[in-house]
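Visitor: This is what each chain is made of:
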Amino acid sequence: MIDVTDARKYYGDFTALDDVSLSIPAGSLTALLGPSGSGKSTLLRSIAGLETLDAGRVVISGDDVTDVPPQKRGIGFVFQHYAAFKHMTVRDNVAFGLTIRKRPKNEINRKVDELLEIVGLGGLQKRYPAQLSGGQRQRMALARALAVDPQVLLLDEPFGALDAKVRADLRQWLRRLHDEVHVTTVLVTHDQEEALDVADQIAVLNKGRIEQIGAPEDLYERPVNDFVMSFLGSVAKIGPHLVRPHDLRLERALERWSPEERAEMEPSKATVGRVVRLGFEVRVDLLDEAGERLSAEITRRDDERLALKAGDVVYVRPVRALPPEEAFPALAM
Amino acid sequence: MTSTTQKRQKPSAGTLILRTIALVYLFVLLAVPIGLILYRTFANGIGPFIDSITTPAAISAFNLSLLLVAIAVPLNVVFGVITSLALVRGRFPGRKLLQAVVDLPFAVSPIVVGVALILLWGRDGWFGGLETLGIKVIYGIPGMALATIFVTLPFVVREVEPVLREIGNDQEQAAATLGANPWQTFWRITLPSIRWGLTYGIVLTVARALGEFGAVIMVSSGFPGVSQTLTLLVHARYIDDHNTYGAYAAATLLMGLAMLTLLLMTLLDRKRSHS
Ligand SMILES: Nc1ncnc2c1ncn2[C@@H]1O[C@H](COP(=O)(O)OP(=O)(O)OP(=O)(O)O)[C@@H](O)[C@H]1O
Ligand SMILES: [Mg+2]
Chain X
1 MIDVTDARKY
11 YGDFTALDDV
21 SLSIPAGSLT
31 ALLGPSGSGK
41 STLLRSIAGL
51 ETLDAGRVVI
61 SGDDVTDVPP
71 QKRGIGFVFQ
81 HYAAFKHMTV
91 RDNVAFGLTI
101 RKRPKNEINR
111 KVDELLEIVG
121 LGGLQKRYPA
131 QLSGGQRQRM
141 ALARALAVDP
151 QVLLLDEPFG
161 ALDAKVRADL
171 RQWLRRLHDE
181 VHVTTVLVTH
191 DQEEALDVAD
201 QIAVLNKGRI
211 EQIGAPEDLY
221 ERPVNDFVMS
231 FLGSVAKIGP
241 HLVRPHDLRL
251 ERALERWSPE
261 ERAEMEPSKA
271 TVGRVVRLGF
281 EVRVDLLDEA
291 GERLSAEITR
301 RDDERLALKA
311 GDVVYVRPVR
321 ALPPEEAFPA
331 LAM
Chain F
1001 MTSTTQKRQK
1011 PSAGTLILRT
1021 IALVYLFVLL
1031 AVPIGLILYR
1041 TFANGIGPFI
1051 DSITTPAAIS
1061 AFNLSLLLVA
1071 IAVPLNVVFG
1081 VITSLALVRG
1091 RFPGRKLLQA
1101 VVDLPFAVSP
1111 IVVGVALILL
1121 WGRDGWFGGL
1131 ETLGIKVIYG
1141 IPGMALATIF
1151 VTLPFVVREV
1161 EPVLREIGND
1171 QEQAAATLGA
1181 NPWQTFWRIT
1191 LPSIRWGLTY
1201 GIVLTVARAL
1211 GEFGAVIMVS
1221 SGFPGVSQTL
1231 TLLVHARYID
1241 DHNTYGAYAA
1251 ATLLMGLAML
1261 TLLLMTLLDR
1271 KRSHS
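Protein sequence lines, in the order shown, are assigned to chains X and F.
Going by the working numbering, the letters in the first sequence line up with residues 1 to 333, in that order.
Going by the working numbering, the letters in the second sequence line up with residues 1001 to 1275, in that order.
Worth flagging that the hints you see were computed from the coordinates, not collected in a lab.
Because the structure is a prediction, the values reported are computed rather than measured.
One thing to keep in mind: the hints can contain errors.
[Stated by the list, open to error] When the alpha-carbon atoms are kept at most 30 Å apart in a straight line, the in silico DSBU-like pairs for lysine-lysine are as follows:
(1) F/1271 / X/86
(2) X/105 / X/165
(3) F/1271 / X/126
(4) X/237 / X/126
(5) X/237 / X/207
(6) X/86 / X/165
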């Protein structure tokens, strides 16, 4: 497991990591999620030792590695742009860590063949990186990192340079691989879907700070602030509140809500713009009285009952009571 | 290169004229003088040429030229690679200055280099004390080696630096995360990545070291058989001995060596584009 405590990193007078503490359980797959420039790579590279912290500690499996160079941290690192050894064959790339460790040749060959089989590159041993596709190169980089049996696997936007389809395939594949090898994994991404899809735990970073850390459901259902809320999943803005589009209830008459509900929060009036029917879900684009756009997601059944069409006037209210306004620290979005 | 073949058309009159001018220019300036020397050298067959380049003075000059190459190349390789690494990867205050200093030998006339070396290492120079200790720098081989190193200094740096810049340090960082220490990373990752740039740098260094004249003549005692390089031999035979044929023969030998390096470079180039 990995423990980062009070990590700070400055580039000149710019604060890239601002007092970051993070605990990653052994065997988990944690995603570091955040917008561009939020410090995800800096944090990951600090765990790897590729960046030195200005303050704070990094502990891997109980050993304080803060002052240990990367080659002695027992990590595997996968770079966004592969960092393939261009002058070496696929076999030599994957074998690199083992060759450095002076393992016997037959052991190296066995392990390389086995790993290439796992990542689906069996038979490509003699190719050079230039003769591989982007996705193949990235899988080679993954095999190379796994070859040394790292205690932790660190991936910096490993699928960032690939197209959407290949990305989705590879991350499913990564999840299965993780379930098989169970190596503690940290994945950097700025794609919320990718994080929700593969991670056991997500840490949301913003401006060098961790906003929230927890299981994907927790972050999605119980975001601690507007930033996390709008970064994970889509949001609709109703008055000053942010809610999930599927947490909005639409009705043609105010009376459909109970008096208690209405006392708690009065539904607001809106005009239907477009109604998009996507299988079971129906998205209704609305324009509220203040002229703000918002989208609600309702079920097919409700849609049939309400029979909404463009131009209709409806009432809209969140299904659940909203926490008081003060619970949300004001955050620039 | 497909685009050029696709676009190939019948050349216009203007193009033809330009091409002719370029060819005549190259012919007059390069081919004629070289051809003339070759013609003079071999006009009476290969015998006189062999005789002329196997005199004790010629053999000694040949050896001395190669010795200077053998001294300058390894030193320039080691310092050139270190300097390139410092220029590309280093974050120190004097980097811009170092950039400029590395190019100095390109800017300064070799003869000035010679004068500067005498000022520094000569009997009355800053380091002149060495001479009283019996170490003769100026008018000895160390002085000629210094002159050669000086004038060939930029080649390795100038060839290796852009390559280093282009490859970045991703691969080196990857090697580090895989357990390689800096030394292993250098030998297994950095050096193989820059090998072509380095090869070019070496070839250029060799060619320049063989051909250097101005800086070397200033610091050489010029005794035939002792401190004459091939270039100095050509000069001495022509000017001092009025042995024009000998000068042609030695010049041909020098050219032969240069051709060999060029040929080597072309072969390497071909090998590179295939790999
Ligand atoms: N070497 C550096 N010198 C100066 N500033 C840097 C350096 N490296 C990173 N930064 C700054 O630190 C901040 C965090 O960078 P980092 O690479 O960690 O962002 P990131 O979250 O990985 O973003 P992205 O998703 O774009 O990769 C950025 O604002 C960046 O400009
Ligand atoms: Mg990044």
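Visitor: For the pair supplied as a hint, residue 237 of chain X and residue 126 of chain X, confirm whether the alpha-carbon distance does not exceed 30 Å.
Guide: violated (56 Å)
Visitor: Decide if the proposed pair is consistent with the structure: residue 1271 of chain F and residue 86 of chain X, CA atoms, cutoff 30 Å inclusive.
Guide: holds (17 Å)
Visitor: For the pair supplied as a hint, residue 237 of chain X and residue 207 of chain X, is the alpha-carbon distance within the 30 Å limit?
Guide: It holds: about 23 Å lies between the C-alpha atoms, which stays within 30 Å.
Visitor: Does residue 1271 of chain F pair with residue 126 of chain X here, judged by a C-alpha cut-off of 30 Å?
Guide: This hinted pair holds, its Cα atoms lying about 19 Å apart.
Visitor: Given the hinted pair residue 86 of chain X and residue 165 of chain X, is their Cα-Cα distance within 30 Å?
Guide: holds (26 Å)
Visitor: Holds or violated: residue 105 of chain X with residue 165 of chain X, Cα cutoff 30 Å?
Guide: violated (37 Å)
When the structure is compared with the earlier hints, violations turn up for hints 2, 4 and for no others.
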